[in-house]
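Based on the sequences and whatever the hints tell you, model everything.
Below are the chains, spelled out letter by letter.
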Amino acid sequence: MQLKFWLGASVLATAAMFGSAPASAQGSLVMYCGVQEEWCRAMSTAFEKETGIKVAMTRKSAGEVYAQVKAEASNPRGDIWWGGTGDPHLQAAEEGLTEEYESAMNKDLQDWSLSQWKAAKKRAIGIYAGALGFGFNTQLIKEKGLADPKCWADLLNPKLKDDVQVADPNSSGTAYTLLATVVQLMGEDKGFDYLRALHKNVSQYTKSGAAPAKAASLGETAVGIVFIHDAVVFAVQGDPIKPVAPCEGTGYEIGSMSIIKGARNLENAKKFYDWALTPAAQALGAPAKSYQVPSNKNAPIPPQAPKMSDMKLINYDFVKYGSSAERTRLLTKWDKEIKAQPK
Amino acid sequence: MRASTRLALLIGWLGYVLIPWYLPQDGSLAGYPFGQAGTALALVLSGASPWLLPIGLALVAASLLVGREERPWIGRSLVWIGLLGLIAFFAQGFAITLPDQGIPWLAALFGGAGQAQPGMGFGALMTLFSLLLMMCHGLAYRGYCRGDLFTTSAIGIVVLLIGLFVFYPVATILQSALVESDGTLALASFFERLLSPTIWGLGCLGGGTNCGVAWNTLILAVLTGVITTLLGLACALLVLRTRMPGKRLMRAMTVLPIITPPFVIGLALILLFGRSGAITGILAEWVGIPRSRWIYGLPGVLLAQVLAFAPIAFLVLMGTVQGIAPSMEEAAQTLGAKHWSTFRTVTWPLLRPGLANAFLLGFVESMADFGNPLVLGGNFEVLSTKIFFAVVGAAHNQGQAAVLAIVLLAFTLGAFWVQQRWLGTKSYTTVAGKGDSGIPAMLPTSAKVISAVVIVPWVLLTAVIYAVILIGGFVKAMGRDHTLTLEHYRTGFAIDFSNGIFFEGAAWPSLFTTLKVAAISSPLTALIGLITAFLLTRQHFAGRRTLEFTTMLSFAIPGTVLGVAYILAFNVPPVEITGTGLILVLAFVFRNMPVGVRSGIAGLAQIDKSLDEASMTLRARSFTTLRRVVLPLLKPALITALVYSFVRCITSVSAVIFLVSAEYNLATAYIVGRVEAGEFGLAIAYSSVLIVVMAVGIALIQVGVGERKLGRRAVPVPKPKAPKQTARLTKPAVEAAK
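If you're matching them up, the sequences are chains S and W in order.
The numbers in the first sequence follow my numbering, run straight up by one, and end at 343.
The numbers in the second sequence follow my numbering, run straight up by one, and end at 1738.
Hint data in this document are derived by calculation from the structure and do not stem from the laboratory.
Every residue gets a Cβ at the ideal spot worked out from N, C-alpha and C, and that includes glycine.
Hints are supplied without guarantee of correctness; some may be wrong.
To be verified - Pairs of lysine-lysine residues, derived as DSBU-like cross-links and limited to a Cα-Cα distance of at most 30 Å, are as follows:
#, chain 1, residue 1, chain 2, residue 2
1, S, K54, W, K1476
2, S, K144, W, K1476
3, S, K142, W, K1516
4, W, K1476, S, K289
5, S, K242, W, K1516
Claimed, not checked - Computed spacing ranges between beta-carbons, pair by pair:
#, chain 1, residue 1, chain 2, residue 2, range
6, S, N157, W, A1252, 47 to 57 Å
7, W, G1500, S, D274, 20 to 30 Å
8, S, K161, W, W1422, 38 to 48 Å
9, S, Q341, W, S1292, 35 to 45 Å
10, S, D193, W, L1195, 28 to 38 Å
11, S, A280, W, G1500, 50 to 60 Å
12, S, C151, W, L1413, 46 to 56 Å
13, W, V1453, S, Q304, 49 to 59 Å
14, W, V1179, S, G96, 18 to 28 Å
15, S, K200, W, P1349, 50 to 60 Å
The following block contains the structure:
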């Protein structure tokens, strides 16, 4: 009997230590954060300081947050979902997992931010933007005797065989942005021709979108196709990597924010939403080593940030390429016509 | 009615009458005993929750039996009362959950149509426990398990726990493979997904494209299982059966990889063998081997997995090798067998349970491993990463994830079945009640040489990897800028002493939570695991095989899927524990339990049943037997279970990546974030700290549990006479050979 009671007692003790549900009293906010830890932390502490609302923050990749919000849909735990690439936000909006909201700050926002808001039917809004491009390892390119690559076309050079990395669009929003960008930039047939040619040079389709930047900075690959700000992080650290905005033009992501439907602290979520769109809140990215372009027109643009004005940006159709039907079609086609092909 | 049954009933009444039935929101007791924090009795009387009435009636019925003499009908009634009470308990729990969910017709039956209730709390837990015990005691009164209350209760508790925390969540996620989101059955798309060429394709044989992900996983797992088992065996034999120098050091070193957080071995391998890695560079400059990317793919993942999992095989086989009675080997030698044939005909066959378990663990670990394929996989895809990205990737395909999980599950269970076939029904008993004063035989020279040749390079590689990890935390950027710095440690672990002690570093909160969760869940894991092993090997009851099979289930399910399953199953009442620390504890306990069970079974297979029987004959009850006879002999298994679950709590990623919350973040989730952000320095520094923490933890466990005393003579200090004896012994054999 003794052992049995010990078992029972320890279960109870465990329950007693941990059992209390997470705080949901007034004055708190549960935040799912989809960018880098440091930026997430800076945002939550700044908001806490300014409003006195206690923020419980969890950092996850955009896909993980989406999976969690979807799993918790019948009994939401989170209040606000801040950051992370726009597609999962649009997907969540399409599935009604997030709440409509119109902030008073909307008038100060860039057009691309508001177009995201319209595409999501008021359920998500742009908070930063980052252009797609690539980073190359300066040492490796020099060793190979190549000129610095400047354009998408340069990546097809046979000398770069097995020396380009990009993520798998099935697992990464970054790589899906590449797929959608190439299709919009060159047209679907030419775009797939390009990807087929690129396939010969790709050594590995990584899982995570930013991984190729890391690999290029370490010298594991010569070129990594990533969002430019992901390459900037390593360049600022002093790694031998150079970020490039391709000469033909390129697509971009809109990092977004949504209020979770059924949020237990809806009022605080709205407060955070308004606050996160102010110039002061948007200036917190650069000190936390995140060099995206903020969506508030009055927010300072970090000096290291790739200048969107100097790039050729395509007119990215977020409504069409963010819809799940088009995404599934393109991904299936990519799987069949590119990934399954021998090199 | 016996005293212990009365006690069980008392617990039930306490839970029903005094303790709040539901989980209190915000931990407050506002409105006790009615309203939010109400007790079941108060809620029934006030009419707020009439569906709790049948549970109370069961307790009343049981109370009517108190004080009666023990007759057959008492046992029968107790079984029925307990069973009906449990049915009422679970039926109302699953019928009435959130608004618009649950089972409407059943809710209406309970008089709670359209109503909702929060997750169950301590009151409900105690009542459930009491009802279960009453049913089990009733069965014991009826003569099940020789009428032993402890045995029937333990079986009941284990079955309930496994059902609730393994079977139920797994069923929830598998349901999503077969059922569309609108509730219709989708068999056609299920089979289309299941038979897809991305899973079963054989493109790699014809050349060019990749093989299906299922084949990749299978090949990797078999290779990992075989290699880790052989390494573990070689290592165990070297440590226990030779006088090799540096054994203690080797023993410590081989345990290092097991206490290493995932990603770190992969990261270190890249820093060493990657295209710009240190060793690659040396080879390229001195020997002229061109730099390549061989590490990305099967070779790299295999290397990392072998480094990571061979120590588990080592731990399992250490117990087995120790347990082999030397007298059997001595008997063989007395009968004239040479070293090598003794090893082949006696030692090796007795090692089979250990080998089978070690292989199974390596195989299953490899299948469920997520960190190493993620970092080193390259274009080599395995099921676990594929599942992870099916859930979180751009495709967001939960149905696909569930289908892949089924394939993975089938492989693991297949391995389990093969293992059972191989072991058969032979006896592996070596620790018996008869005195055994043999001296463990030394290894034959050839086996010694083979073992040493295999082990020494492996240990060296491990040493180099750990040097990288150790140094990595103290230099600015490993591989690029080797200026010494304490910056990484300062960021993570700074403590401000200016105003009392303030843990300022960014890593402290996750470290404290991790330690707390590990300290709570590992004893629970070991306890439940060993009790289950005891029941499975020493008791006969209906459904024993099914239970054994179910305990393996949570191990076979990859962590990612288990994590999602836990969220889906436990985010809604009746068991609403997402976002708490409790869910982390439970996930760890039930994910690590199989190791406790397996090592317990392997250990028990060696202990002669006559020992238990002697104890029983002396009128000890099975609990006493378990405590006084079996447990002391199971110390190696206990250590394995404790160490393993403690370590796994600290190092596992995939199972908890969905379960960590803002309040309860874990060390590994934090490290993964650092790696993603490219801050290898801090990640490596934090990992080194975790390694030290785990080493201390393991040392404490070993000191706390102590060694098993088998009453064998110690290996004597070599005496000058010894060679003479050997010569005399072997002389006839030499002459015979002539």
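Q) Does the structure break any of the earlier hints, and which numbers would those be? A) 1, 3, 5, 7, 9, 11
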